[in-house]
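Participant: With the hints as a guide, dock the two chains, each given alone in a separate frame, to form the complex.
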Amino acid sequence: MKEIETSFDGLSLDCRGMKCPRPIIEVARRIQEIGVGSLLELLADDPAAGPDLAAWCRMRGQTLVGSDAPRFIVRRES
Amino acid sequence: MDGAREVVASAVGARPDEVIFTASGVHANQAAVAGLALGRRRVGSRIVTTAIDHSSVLAAAAAAGSHEAVQVDHEGHVDLDRWTASVRTAGTAAACIQVANHEVGTLQPYAEAAELCQRQEVPMVLDATAALGRIDLREAGGWSTLTGWAGAFGGPASVGILVIKKNARWRAPYQIDDYQGGRWPGMPDVPAIHAAVVALDCWLRSGRIVGERQHDLIDQLRMGIVQRVPDVDVAGDPLRRVPHLLTFSALYVDGETLTLELDKAGFAVASGSACSASSELPSHVLAAMGALTHGNVRIGLTWTTSAAEIDQFLTVLPPIVAGIRATVGAS
Numbered sequence: 009m010k011e012i013e014t015s016f017d018g019l020s021l022d023c024r025g026m027k028c029p030r031p032i033i034e035v036a037r038r039i040q041e042i043g044v045g046s047l048l049e050l051l052a053d054d055p056a057a058g059p060d061l062a063a064w065c066r067m068r069g070q071t072l073v074g075s076d077a078p079r080f081i082v083r084r085e086s
Numbered sequence: 007m008d009g010a011r012e013v014v015a016s017a018v019g020a021r022p023d024e025v026i027f028t029a030s031g032v033h034a035n036q037a038a039v040a041g042l043a044l045g046r047r048r049v050g051s052r053i054v055t056t057a058i059d060h061s062s063v064l065a066a067a068a069a070a071g072s073h074e075a076v077q078v079d080h081e082g083h084v085d086l087d088r089w090t091a092s093v094r095t096a097g098t099a100a101a102c103i104q105v106a107n108h109e110v111g112t113l114q115p116y117a118e119a120a121e122l123c124q125r126q127e128v129p130m131v132l133d134a135t136a137a138l139g140r141i142d143l144r145e146a147g148g149w150s151t152l153t154g155w156a157g158a159f160g161g162p163a164s165v166g167i168l169v170i171k172k173n174a175r176w177r178a179p180y181q182i183d184d185y186q187g188g189r190w191p192g193m194p195d196v197p198a199i200h201a202a203v204v205a206l207d208c209w210l211r212s213g214r215i216v217g218e219r220q221h222d223l224i225d226q227l228r229m230g231i232v233q234r235v236p237d238v239d240v241a242g243d244p245l246r247r248v249p250h251l252l253t254f255s256a257l258y259v260d261g262e263t264l265t266l267e268l269d270k271a272g273f274a275v276a277s278g279s280a281c282s283a284s285s286e287l288p289s290h291v292l293a294a295m296g297a298l299t300h301g302n303v304r305i306g307l308t309w310t311t312s313a314a315e316i317d318q319f320l321t322v323l324p325p326i327v328a329g330i331r332a333t334v335g336a337s
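Going line by line, the protein sequences match chains A and B. Be aware that the first sequence starts at 9, since it is given in this note's numbering, and climbs by one per residue. Be aware that the second sequence starts at 7, since it is given in this note's numbering, and climbs by one per residue.
Chain B extracted, bound-state conformation (with noise of 0.2 Å):
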């Protein structure tokens, strides 16, 4: 387990002792938001988000008092003024950011955010579940909880990450015991935080070449799917964003008939909202953007995804997409 927390602590900056494991990212988001909003409580129990933060954060913001969601622009970066003056605001518990959008990759100015919030003195979540390993964060800097998920960076899905600075107001929001120093009850799952952390080590040894690759493929695919496909609408930042994440919707086309069509034709991609795959309700991240919700597909590459396979994916999905249409009446 310390080796474990060394290597989470030296890729965000932190110290060992900082690190806990959880049992998912979600869990991570839930903890650092409550457990920052009840160590401030006499301030206040405004929390501050972005429109297009997880669920997982906008529901913990939500059940901590009352909850400001500052809006983001057509590619997904929020709005550093507004942030800033909502950060501001009287009462403010925390406020949260992500590093980058789970779902179209956009990569948000944590670091600027990070800066002002520890001049205002006001906490600052920021979550990493889907940057880590993936971007550097060792000088991400004026955080006071970060978290991450093993299941973003080739990991079990099991484990979760929670980074709480030793000068942080945190307190648990939960029953605690003697374990991870009562930050997280409960015996600790080694093998499956040992086996995060061996994918984690990976990201950071030999990330970068892969990143750079994976960044290329995206932009691949990216203008192949413009040129080949009418009517699509690809979401978020072309440039700043993580390098394995693509998001595009397709007009007059069912998501879930998509992702079927795909996967017949050997491709296994999401759709509709990446944090809450069950639900019926528009993707609120796409919705936040003014994107097309419908037929929506989220690619994700892995570490050995080759252009080949990126090739092979813009050839089959033209006629796929043309079918659909076909079948709907919709041209």
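The following block holds chain A by itself, in its conformation from the complex (with noise of 0.2 Å):
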């Protein structure tokens, strides 16, 4: 498996070896954790997770800040 750089200091998610859309219920979930404006960070290594994390988070209003798989940021807008 692909080395991961742990410098990601906020709320992260390991979600790798997980199928969608699990990994899009967990960070649904979790999101709630941090504030508005915060970062998430999700490691999810299922080829649908790229596509499916960019349409959640035009559906629920979120913003795709970095995504580069299996390393995906999501900033919390509301």
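Please note: incorrect hints may appear among the correct ones.
Here are the in silico distance ranges between beta carbons for each label pair [said to hold, decoys possible]:
id	chain 1	residue 1	chain 2	residue 2	range
1	B	S212	A	K27	42 to 50 Å
2	B	E262	A	D76	22 to 30 Å
3	B	R177	A	S86	54 to 62 Å
4	B	D8	A	R66	48 to 56 Å
5	B	I182	A	A77	38 to 46 Å
6	A	S86	B	A276	33 to 41 Å
7	A	S86	B	A328	19 to 27 Å
A short, non-exhaustive set of chain A residues, derived as facing chain B with CB atoms under 8 Å [said to hold, decoys possible]:
id	residue
8	P29
9	I33
10	A36
11	A56
12	D60
13	M67
Read the hints as simulated data drawn from the structure, not as lab findings. All C-beta atoms, glycine included, are put in the ideal place defined by N, C-alpha and C.
Facilitator: Put into structure tokens, the structure is as follows:
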């Protein structure tokens, strides 16, 4: 498995090995734990994670600020 | 066989001797792309497609040489400016576009694309596998090869259609024999072809009325789903589309579970990628459009689908989706 830099100091969810939609469900549940304007990191290696996280952000009014599989960063907007 | 070729030719504005029958729509697409690439190999080996073409077209384009897949917008329409620039690029052997997308139903600007290709003297593959019989293609214009599939209009899945214009620089990309003018090898399956053409003829004679009814039913379905099920992403162009298709994705829901639950409720629907159902990869069509790829259902109406069945579907769907979401702890 690819080494992941662990410098992210916010909430990080390691969903590697999980099949979609599980990683998206985890993001939806856990994003409540961070403040509006803060960042959440998702590690996910399901090939659907990239497109589905982007679609989730669009549907839920959040912003995908980083997408470089298996690492994704979401900013909570609401 | 003469009668069969005549029916197809009349549907697409071609001559009967330009029509051949293959073993599937996939074979027709592969032969359409590879044959033009072979015929034009002195010009180059670049093939232009859209990002949401059928997987058989994308694979044939990649195999031919260099392949550029032009981006589409959120509803699936190809960016015609980028398409134009790509077709004009030196070394382009052929370009491919769909009449309508096989998963989301969106119509492409195929007539404009064909005109453009003709001006650039680049041969064009028009993939009508999802549209033949449902969209009037008699004036579709300057394509070089056109493909169809009987399975998409109620005929046998084992019949594909390939129309090769007489003036097209197409060469058979496989060993040939005497059958079908040396354009598709092996003895044609005449009974299956006959069945395919009977189905096509039904659509050509009375399909307009059925198509209008299906268009309205899909409108009702689209509106009903958005109203009754929260967090649903309905894909494709709501207006400029084939009459009978609708694709939507429900957030937090596993597509296979949703398909199974709908099956138990008496509805046979498809999920995931319409072109490669066994694949665990997300649909390249939905991904390219920026649509949600999980929890995906593709509905294709049949000739006899009724308004009562649409109502019934809209009644069973919300509790099924809510039930799956509750099971996985999502709401």
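Participant: Which numbered hints does this structure break?
Facilitator: none
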